[in-house]
Amino acid sequence: MNLQDMQPIIRVEDLHYTYPGDEIETLHGLDLEIAEGSFVAVLGHNGSGKSTLAKLMNAILLPTSGRVYVDGIDTADEDRLLDVRRTVGMVFQNPDNQIVANVVEDDVAFAPENLGVPSAEIRKRVDDALRTVGMYEYRLHAPHLLSGGQKQRVAIAGVLAMQPRCVVLDEPTAMLDPVGRREVVATVTRLCRERGMTVVLITHHMSECVGADRLVVMSEGRIAADGTPREVFSQVELLRSEGLSVPATTELIYELRRDGYELPLGALSVGECAAAIMAAVKGA
Amino acid sequence: MDTVIKVEGLSHVYSEGTPFEKTAIHDIDVEFYSGQLVAVIGHTGSGKSTFIQHLNGLLKPTSGRVYCEGEDIFATKEATRDVRFKVGLVFQYPEYQLFEETVYRDIAFGPKNMKLSEKEVDERVREAARFVGLSEDLFEKSPLELSGGQKRRIAIAGVIAMRPKVLILDEPTAGLDPAGCEGILKNITDYRHETGSTVLLVTHSMDDAARIADRLIVFHGGRIAMDGTPEEVFKRAQELTDMGLDVPQPAAIASELRRLGAKLPESIYTSAQLHEAVLALLRKGAAD
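Going line by line, the protein sequences match chains A and E.
Reminder that position 129 of the first sequence reads as 129 in the numbering used here, one-by-one numbering, no gaps.
Reminder that position 249 of the second sequence reads as 533 in the numbering used here, one-by-one numbering, no gaps.
Hints should not be assumed to be uniformly reliable.
[Unchecked claim] Keeping only pairs whose Cα atoms sit at most 27 angstroms apart, straight-line, the calculated BS3-like set for lysine-lysine is: (1) A:282 with E:568; (2) E:425 with E:399; (3) E:344 with E:403; (4) E:344 with E:425; (5) E:425 with E:361; (6) E:547 with A:282.
By construction, these hints were calculated from the structure, which means they are not laboratory data.
All chains, please: the whole structure from these sequences, using the hints.
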């Protein structure tokens, strides 16, 4: 594969952002590349700048200085705004704020209708998007009677109907119960693995980052850590100092290491963690 | 232990007599004791929200009774009104329900309705703000200027300021980051220790429930499926999983270790307990 094939779908260069009227900068010079087809989780506490970064990825906000390129297009180029929005779709936190129609399938059709897609094509895209998120059976239901997780999946279908190459989800599970959370994370993971769609998942739930290819930790408008979930979760002190928790598996191994037992910090899943402990018990 | 709330044969049917009729809770009997911190758990649609809305008279039972300090709360209009002050309910996302022009006035709204003197209202506002860690410097600000976490604290303070015997919070940490969750949970446990009030915490987080509750009540299909200490409830990990609920992560690790042949005590559900048990296991391994 040559370098041109590896062009990132999103490239962020020395990105600074200050909200209008604020004296303090929210983002202090970020550099970040998101590879096409990857699943990237962005973790950070409230006020770390992670949602601001998300909004800069599809030109809802424009950089104060620095550049954001989406598929090589500068997001500040007004003439190409539609191309940027077609390439990167956004899903927000509150499912009730992003559903516009009275019937599920009308809601999903809203964006392609606005893009002027022919109606036969819209029908096809809507059905396809609803099947992808597992909501086809509910296509004639009223959105307000669905559960939070179901509504969020309808919102994701609405974005899919635009056929973006990348979807950015800004804390899509914050208002959901554990079942709804699992539904949404399973759906976006499938989109990435089966359809090759780039997924950027902004969250503060550790458990949702475990399956990502890459985990970026934001802190005070900067990138504090960047690597595979295994690499990042091993940095227990750093995560704690950022006000983030670590998975119980990592926490246990970290404590046992402090007690003097040589255990691998990278054992992230419950199975790996238990196996590593049993090996140490038998080996001791 | 003194009983604060007693629920007898409580059922609630929504839209009774219409095609949309739905029984949300069936024939519930339960008692809550003075000073307990009870976690109320269940997935969406399990009936837990319907249940708690009966405890301060917001919903009227289809059948059954609710007693607060021995008095039937639906017996008279006055009793239903009084229970609103005795049993304080903080809804989900309460920050959307702030409406006054200043933080102070928002917190003071409840106690003012109790027809207390201005001095007493003032005392209560300051006390409630202290419980939730809100600085008095914020009193004259508009609630709308503050962050989401601060707004939520204001809403909780508004209920605490009524000095309820029972404080019910419906998912008070939903949508907050780990540091925000930690702060609110600490406020709640401190409040309970200092005032000796009964607290009911509706939560999806098994880890939070494991850490702070004395007693867990699990709703499933409109009934109470489990009621006991965290130890008793988390022993039934498989049943919880079958109900679509999580088990605390430390309990899941402990049960995997047992599956691999480790001998561990049954009551492991917090990180500290797990750490201690595994450490004992490793030391014993070394001694063998």
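Quick rundown of the hints versus the structure:
1. A:282 with E:568: 10 angstroms, holds
2. E:425 with E:399: Distance ~25 angstroms between residue 425 of chain E and residue 399 of chain E Cα, so the pair holds.
3. E:344 with E:403: 35 angstroms, violated
4. E:344 with E:425: 37 angstroms, violated
5. E:425 with E:361: Answer violated: residue 425 of chain E to residue 361 of chain E is near 36 angstroms, above 27 angstroms.
6. E:547 with A:282: 13 angstroms, holds
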